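*Asks:* Chain by chain, the residues run as shown.
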Amino acid sequence: MLPAVVFAQETKNTDKKREPGKYDTNKFSQMYDLLATPNMFRTASGAPGPAYYQQQADYKMDIELDDKNTKVYGTETITYHNNSPENLEYLWVQLDQNQKERNSKSTLVENQKMEKAMTPAGFLKKFMEESFDGGFVIEYVKDAKGKPMKYTINQTMMRIDLDTPLKSKEKISFSIKWWYNINNYRVDGGRSGYEHFEKDGNNLYVIAQFYPRMAVYNDVEGWQNMQFWGAGEFALPFGNFDVNITVPADHVLEATGDLMNRKEVFTAEQLKRYQLAEKTYDKPVVVVTQEEAEAASKGFSDKKKTWKFSAKNVRDFGISTSRKFIYDAMAVKLSEKSVMAISLYPPEANPLWGEYSTKTVAHTLRSYSSHTFDYPYPKAISISAEDQGMEYPMICWNYGRPDENGFISERIKYGMQSVIIHEVGHNFFPMIVNSDERQWTWMDEGLNTFMQYMAEQELSSSYPSQRGPAAKIVPYMSGSQDFLEPIMSNSESLQQFGANAYAKPATGLNILRETIMGRELFDYAFKTYANRWKFKHPTPEDFFRTMEDASAVDLDWFWRGWFYSTDYVDIGIQDVKEYYVSSEAPKETKDVTIRRGRFNKEDGPFVYMVSGDSKDLNKKNMKSFDVNDIKVLADFIQEKYTQEERSKLKSPKYFYEVAFDKPGGMLMPILVQLTYDDGSTEDYNFPVQIWRKGNQTVSRVFATEKKVAKIKLDPKLQTADIDLENNSWPKEKIKSKFDELGG
Amino acid sequence: MKKIIQTISLLFLFVILTSVSLHKFYVSVNQLDYVPQKKAIEITSRLFIDDIDLALEKKFNKKIYLGTSKELKESKDYLQKYFQEKFSIKVDDQEKEIHFLGKEVEDNVLICYFTIKNIEKVSSLEIKDTILMELYDQQHIFHTNIAGNKQSLLLTSGKMRGVLNY
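In order, the protein sequence lines correspond to chains C and V. Letter 80 of the first sequence, counting from 1, is numbered 80 in my numbering, and no numbers are missing. One gets my numbering by counting positions in the second sequence from 1 and adding 1000 to each.
One chain only, chain C, in its complex shape (with noise of 0.2 Å):
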């Protein structure tokens, strides 16, 4: 097709310097330079390829608590099947309590500056104490025949070194003996540890990464070989578990997997409660009674009862035992099959846990199952754990509890759900879809925070939720960009951790699924995103290319801005002016010719049309437009249109063009209200291309039959625009907080 339009050759200035050229930095490029080359591993469409592989490590264990002097002891025996196209000469394994060692790297690489004032409890930790002694102390690594195997620790990593290679789709066995001191998490920090209750001189654990763990060998990383510094959580294989744990015998413990020897480990009558909750979908039925707790609680059993579990395709395995637990359980039916939700509390958390825990976590499971897969693990288990938010396959600890006058205030009541939806929502993300934590915080932590949003929003629309909607995350981005950096980025590098890795994906996906995409178009996507990669190992490129290959819609630009930038939203009204049609031709037009085609050139009549800033404006045009003022108009519709023609003509009585700005880099939609003089509005959205040409204004003509009174951008705060003050016309003051306030 030919252009309509012929441009003159451009006369320049010979006098200016002439500029230099460019690259290509065009906003809608596609992300060639960003993205890994995909490959037989990997697929263009997002999809594991044709040669996609994942190792295998299955572990049989034996643990023992020491409840007196707070120690884990362990044996394990750990099949590791190779099944990479690779030959390998030594296996990594993943040592992280040693990230609690006395001479840990973690506390050397600390930004330290003197505190100029410190509680006497602070000076004397810091500065006087002896600090926690932990980190595995390891016995012994041994091969399948009882042959002790050559090993290198590196910090949190130990090396096992294979006389032969472990040759590709074969297996090995080999054995490690441990233990470890286990660490007062609310003294000493940590994901796991025990929680003191001074009152009755008990211990509630929550154990996690309590065994040497394989590190996952894939075709992205090779080995993943980061060390745990902390911030960057875990990469981890999937294997099937067979554990036994040896405890106090009047501890109550819950663990990752399926209980094999339920009738050893309960009383009769807890047995019985256990199979009521096993068919009843209503509320939770309590197994271990407050008043059976309580009494425990009072004494310290030297004997001892083995707890046994086996749990399949699982990436880790998590512990929670004391003495002091109640125990819920009911029974959750998701579209296919039903699930187990239960909850362990002491009485201190009580009657807030009762009432909410198992519930939130029955909701959770039916609320992430519809928007991914039908959760396949049997049971998901929430933990009372103060000060705790942390997840394992199948368990996890949440925080909140009455205070010590039993007052639950709403922030405690919704911020203990919260958690509770967060932490067993992760067993989507990234116990299933098992995304490389240690890399990438955002795989996991920003998907589950929009999944957590999604899922308090269908518990209740006033369900007050601190990350997803978009206006909530522009005092973040808004922010200097000395404290910015791009969601791209790795784990340990992140100066604000909850809104880089947590608000700021989540708000994407809640813009693109609210604003961009559409519902229908963004589920599809993100459902075949996880369905995808569910027991596989999937990397931002899978889910970026997943998005736009289910879902026909480009979003390269969406993810250059959004992932791989700090570029943030401005988009402002620049300009609006309003026309007048005209007969006459106003000076600034009259030479105008109009061509038409290749070749042929109007000569008029013309209908004109006046801006009302323009000195040639005559007074009788100023007013709404009527076509039978304007005769040229009037005639032509005579001549040309029938009576039926005529009648479908729709009649606009005001024009106005109306400029754009873009004072942010972030581009977005143009979303446009229109209030018109009697209060009714109109809403117009142009989609995110009309920036395409890397322009940075556009504007647009609006043809109304209403006077348009008022013209307001991202009415309903859609987009994170960070500066409202140009997003109206006229301009509107934005309310501001201290004149209410009288200041």
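Heads up, some of the hints might be wrong.
Simulated coverage check for chain C against chain V, where a stretch passes if three residues somewhere in it have a Cβ under 8 Å from a Cβ of chain V [as the list claims (entries may be wrong)]:
(1) 103–116
(2) 406–413
Taking lysine-lysine and the BS3-like style, the derived pairs with C-alpha atoms no more than 30 Å apart in a straight line are [to be verified]:
(3) K1063(V) - K126(C)
(4) K413(C) - K1076(V)
(5) K1070(V) - K737(C)
Sample of chain C residues facing chain V (criterion: CB under 7 Å; computed from the structure) [claimed, not checked]:
(6) Q466
(7) S480
(8) L741
The set of hints was computed from the structure by calculation and includes no laboratory data. Here the structure is a predicted model, which is why all the values come from computation and not from measurement. The beta-carbon is built from N, C-alpha and C at its ideal position, and this holds for glycine as well.
Since chain C is already given, all that's left is putting chain V on it; use the hints.
*Replies:* Showing chain V alone in chain C's frame:
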């Protein structure tokens, strides 16, 4: 049970808290603007409400229940006393009075509004903010806008005071 978190290193906080869905990053975000029409400096501070609640409880030996149905009537007075001690600003080397106008609650954040009156011009600002530093390794980010000149400042327990020149 009382919280026993004392002065703890930043890394340690990361260790306890990173996987948590809650805030647990001890950072406040503050916006400071000079408004020439009012000859006033306006400051908006966003602080985590449970942290402030605990700070008031420790200082006044009394539960204030900020942002809950049981909030004490005189909570604003307690806050004012607390801020007076912890937050000060010099404009062009002169200590100025900071008026605490009021507060509102947004989710788990307490938004506080402050104003400094009778300011003809601002060539330099010295901000001292030790709010919550007695409890946590608290950091305060200040974004300032003085007649379009935008600058930022990070205050930490190692650097409680900072100067900006315009």
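*Asks:* Return the status of the interface hint for S480(C): holds when the least beta-carbon distance to chain V is below 7 Å, violated otherwise.
*Replies:* 3 Å, holds
*Asks:* Do the alpha carbons of K413(C) and K1076(V) lie within 30 Å of each other, as the hint requires?
*Replies:* Roughly 24 Å separates the two Cα atoms, so the pair holds.
*Asks:* The hint names Q466(C) as touching chain V; please verify it with the least Cβ-Cβ distance against 7 Å.
*Replies:* 5 Å, holds
*Asks:* Tell me if L741(C) is really an interface residue toward chain V, meaning its C-beta lies closer than 7 Å to one of theirs.
*Replies:* Holds. Min distance 4 Å.
*Asks:* Is the straight-line distance between the alpha-carbon of K1063(V) and that of K126(C) 30 Å or less?
*Replies:* Status holds; Cα separation ~29 Å.
*Asks:* How does the segment 406–413 of chain C fare against chain V when you require at least three residues with a CB closer than 8 Å, holds or violated?
*Replies:* holds (count 4)
*Asks:* Do three or more residues from the segment 103–116 of chain C put their C-beta atoms closer than 8 Å to C-beta atoms of chain V?
*Replies:* Result for this restraint: holds, n = 10.
*Asks:* Holds or violated: K1070(V) with K737(C), Cα cutoff 30 Å?
*Replies:* 25 Å, holds
In terms of the numbered hints stated before, the structure departs from none.
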